[in-house]
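A.B. asks: Those sequence lines, one after another, are chains A and B. Numbered per the working numbering, the first sequence spans residues 7 to 82. Numbered per the working numbering, the second sequence spans residues 46 to 237.
Hint data in this document are derived by calculation from the structure and do not stem from the laboratory. There may be inaccurate statements among the hints.
Restraint ranges, calculated between C-beta atoms of paired labels, are given here [said to hold, decoys possible]:
| # | chain 1 | residue 1 | chain 2 | residue 2 | range |
| --- | --- | --- | --- | --- | --- |
| 1 | B | E203 | A | T24 | 11 to 21 Å |
| 2 | B | G109 | A | S26 | 38 to 48 Å |
| 3 | B | T163 | A | A73 | 42 to 52 Å |
| 4 | A | E22 | B | R114 | 44 to 54 Å |
| 5 | A | E9 | B | R138 | 32 to 42 Å |
| 6 | A | L46 | B | D116 | 40 to 50 Å |
| 7 | B | D66 | A | A64 | 19 to 29 Å |
| 8 | B | I211 | A | G21 | 13 to 23 Å |
| 9 | A | D40 | B | G210 | 33 to 43 Å |
| 10 | B | D116 | A | R17 | 23 to 33 Å |
| 11 | B | F113 | A | S8 | 37 to 47 Å |
| 12 | B | G65 | A | M7 | 20 to 30 Å |
| 13 | A | D40 | B | S137 | 26 to 36 Å |
| 14 | B | R67 | A | M7 | 22 to 32 Å |
Fair warning: this is a prediction, and the values are worked out from it, not measured in the lab. Where a beta carbon is used, it is the ideal one built from N, C-alpha and C, also for glycine.
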Amino acid sequence: MSEQVETLVQRFLDGELTRSERQTLLRLLGSRPDLRQRLLDDEQMLDAASSLPRATPAADFVAKTMAALPEQANGS
Amino acid sequence: MRSDGAASDEAALVARAQRGDRDAFAALIGRHASAVLTVAWRIVGDRALAEDAAQETFLAAFRGLSRFRADARFSTWLYRIAVNKCHDLLRSRAGERQGVVDDEGGDALAEIADASKTPEDQLLDRQRATQIDDALARLAPVYREAFVLRHVEGLSYEEMSDVLGIEGGTLRMRVYKARQALSRALAGLAAR
Chain A
7 MSEQVETLVQ RFLDGELTRS ERQTLLRLLG SRPDLRQRLL DDEQMLDAAS SLPRATPAAD
67 FVAKTMAALP EQANGS
Chain B
46 MRSDGAASDE AALVARAQRG DRDAFAALIG RHASAVLTVA WRIVGDRALA EDAAQETFLA
106 AFRGLSRFRA DARFSTWLYR IAVNKCHDLL RSRAGERQGV VDDEGGDALA EIADASKTPE
166 DQLLDRQRAT QIDDALARLA PVYREAFVLR HVEGLSYEEM SDVLGIEGGT LRMRVYKARQ
226 ALSRALAGLA AR
């Protein structure tokens with residue numbers, strides 16, 4: 007994949023494409039099944055990453071952390 | 046992104062905490078605990094260690110409250126402390142087995158199952174989550190933390206630069222390499 011196309015892909019994944027870059031990418035997708043598959047793979051990967059579960063702190067996390075604090079913050 | 050109202054509410058909490066109001070600091074912990082814990086979990090790859098890192102983060106934040114500047118975002122400042130705590134933990138564990146997805150993490154992956162999806166789709170979601178979790182754990186820490194901040198936490202490159210103290214071009218390259226590695230790891234599953 008050329009450097010120019012790779013740059014377009016990365017800018018697409020970062021949501022930074024200009025209108026003309028988007029049109030260029032759309033044209034390329036029409037004639038490049040390998041590029042379509044690549045973008046599909048990348049988008050599925052990013053969807054999976056953004057769907058990873060959030061960590062929920064233990065119910066007593068705030069209380070335990072507060073209990074561990076010194077009496078005063080430095081400089082306060 | 047927080048609304049202006051939420052941001053000013055947070056600024057008020059920070060100001061109160063800086064004046065020694067412990068209830069205000071407890072409220073700040075409550076607001077940010079999940080985000081700090083999630084980032085730490087994804088970076089160190091171990092839920093119990095992440096809990097330690099998260100608690101250390103808030104302790105360090107409390108001690109350093111007087112150094113926090115009101116023109117910065119409190120969440121960005123916390124992320125910076127959390128990432129540094131994770132670096133400390135990873136360094137202290139150098140030579141040990143790192144980045145392994147623990148059992149608790151595996152259970153938590155089941156949480157993403159969506160009841161509106163078919164059992165087959167839910168299974169595929171779980172497989173993708175497991176694969177990306179495993180692939181994330183295999184990435185070198187610098188690529189893992191860049192990817193987590195960008196695509197799990199949704200930070201901009203500018204915010205990431207503030208958190209990590211690294212210029213944007215380097216961060217873009219790290220995210221690019223992480224995407225490549227993770228995409229390769231998932232491509233096989235997508236083709237099934």
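A.B. asks: Let me make sure I understand: some of the numbered hints might not hold for this structure. Which ones are they, in numerical order?
C.D. replies: 4, 12, 13, 14
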